[in-house]
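Between the sequences and the hints, there should be enough to build the whole structure, so can you do that?
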Amino acid sequence: MVTDKMEVHPEVLEAVVIRFVGDSGDGMQLTGTQFSDTSAMFGNDIATFPNYPSEIRAPQGSLYGVSGFQVHIGSVEVSTPGDNLDLLVAMNPAGLKTNLYALKPGHTIIVDANAFSKKNLEKAQYETNPLEDHSLDNYRVIQADMTSLTKEALKDVEGLDNKAITRSKNMFALGMVYWMYGRAKEHTIEFFNKKFKSSPHLIEANTKVLNAGYYFAETLELIPNAYTISPAKMPTGTYRVIMGNTATAWGFLAAAEKSGLELFLGSYPITPATDILHELVKHKHFGVKAFQAEDEIAGISSAIGAAFAGDLAITTTSGPGLALKGEALGLAMMIELPLVVVNVQRGGPSTGLPTKTEQSDLLQAMYGRNGESPVIVIAASTPSNCFNYAYQAAKLSLEHMTPVILLTDGYIANGSAPWKIESVDDLPEIKNNISKGPIENWHPYTRNEDTLARNWGIPGTPGFEHRVGGLEKDSVTGNVNQAPENHEKMTKIRAEKVKRVQNYIPEIKTEFAESGDLLVIGWGGTYGSLHSAVKQINKEGYKNIGFAQFNYLNPLPKNTEDLLKKFKKIVVCELNDGQFAKVLRINFSGFEFLQFNKIQGLPFGNNELIDEFKKLVK
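Residue numbers for the sequence shown follow my numbering, beginning at 467 and rising by one.
Treat each hint with caution, since some may be false.
Claimed, not checked - Once the Cα atoms are required to be at most 25 Å apart in a straight line, the calculated SDA-like pairs of lysine to any residue come out as:
1) K1064 to S520
2) K1032 to D983
3) K965 to P950
4) K1034 to P1023
5) K1035 to G1056
As the list claims (entries may be wrong) - Across the chosen pairs, the derived CB separations fall in these ranges:
6) K660 to P701: 24 to 32 Å
7) T702 to I1052: 43 to 51 Å
8) P697 to E593: 44 to 52 Å
9) V542 to E593: 38 to 46 Å
Please keep in mind that the hints were generated in silico from the structure rather than gathered at the bench.
Just so you know, even glycine gets a beta-carbon here, dropped at the ideal spot from N, CA and C.
Put into structure tokens, the structure is as follows:
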């Protein structure tokens, strides 16, 4: 035991990237969440990236069973969870093996030395122990016997079995990292008191291990210095850390409140969209009706029924589920009912990547239905603005009487960031087309002259009796009409209705340069990566590169073509094989759209983007 504490002079850092990795079940998500929440409360800007294994119960110690949580904290604006790591916390050899590539040379690894047994080394496909064979000499390695030190800390706590004791070691690691970066323990201890209020022995156990890790780091001569990251300068307001899926759910709650409608969610639980269902179920006091359906088709069909009955109707899914919902979505489109479909995109089409991020479903959202079936398509771009785009999706759907597909993805849905809490009073007004009687000679397909949105007659309202269904409707009465000319007229009206949404969405703007040699285009969840890369290259002197992020994908902003004309080269960056590039080519055939694509279930790296942009402007 070290009795004389060293005098510590914390080194002030602008930002730091930390990754916690271990077996699925080692509590890495909880550990990372607590560190990021504590840092946010301190005032840092943060961005997180949870990375789950594809298998729920992967074999312990296996390379493909590693679970991770990455957090980027800073005293400056933080747009991404970061690329290269300043600190890697590895709870076992598999975590070290699969994540060492990301650690900056000369930077720090914290490992649970107890986990580096012969058996675990073999599972991780190590021929020799990396803690002993000098393969890690380029890094600062801090070995802590976390498992045995955790057991020692908990030897006097009653009511714990060996499994519960061992599972607490993640808090030992968290305590060490708290000391290294000058984070207070109180928030996490308060979390223990709330989470385990009915189990005092668990409160005691986790608190003891957290303190043990903290004081171990404080007295450990292998950690010669601590670090601090000053609070970030952010607009005044009340903030909380919010996950993208939670923000999406809250955006719908706000839209329901603002529109005066009840919220209905019909959804089949599917990774990674399930958290939206879980969140909305908590808010029955707001009049939320949540229906967990047996399959995807039942989920969207129930939502269509709710829309017919006058609710703000939502259904949630990911790519495979969107494929199943296609027929019912086409029905909602031709009936012209307001409906929001949230698609939290994941790696596709293979089920081998259910938890990994990808922009896999744009073409399906745009064209994946029978016949001419245009719907509004928008995409959120950060965990926090999932709130705003969920709200906007509901607003557009209600005001234009057509389905809206809201695209997020696993990257921003599971990631978290500070969110400035908004007042419902400050949000844009939501008007709807619910008919209020009596109206003489009322018809369901009488339309608003500007938006072409039809009347919304709520069942049971006297004077608004009408029929809807899956056969083509007369352009006025809504009765079945099989005339070829009527079919063409209705098809063109529904297309024009979506096109006119251009008049109600913001124009696209560029950042960093309004004209120049290169325009970098992204959409949806790539915003953070692309913005950071263009910002950095701009600071290096490349002032001729502009950046445009599209959130409105169908229809596109009406000034899109004018913007494209201002740049010599255009590169479209996507986490797919060029789906938005295809959409742009269809709409603007006179331009050459270069592509930079990645399909690895991972976000863009900052350096790979910068290298590509520099090549394009040489």
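Here is what the structure says about each hint:
1. K1064 to S520: holds (19 Å)
2. K1032 to D983: Roughly 9 Å between the alpha carbons, so the hint for K1032 and D983 holds.
3. K965 to P950: holds (23 Å)
4. K1034 to P1023: holds (20 Å)
5. K1035 to G1056: Roughly 13 Å separates the two Cα atoms, so the pair holds.
6. K660 to P701: 24 to 32 Å: Holds, since K660 and P701 (Cβ atoms, about 29 Å apart) stay within the stated range.
7. T702 to I1052: 43 to 51 Å: holds (44 Å)
8. P697 to E593: 44 to 52 Å: The hinted range 44 to 52 Å holds for P697 and E593, with Cβ atoms some 46 Å apart.
9. V542 to E593: 38 to 46 Å: holds (42 Å)
Going through the hint list in order, the structure satisfies each hint without exception.
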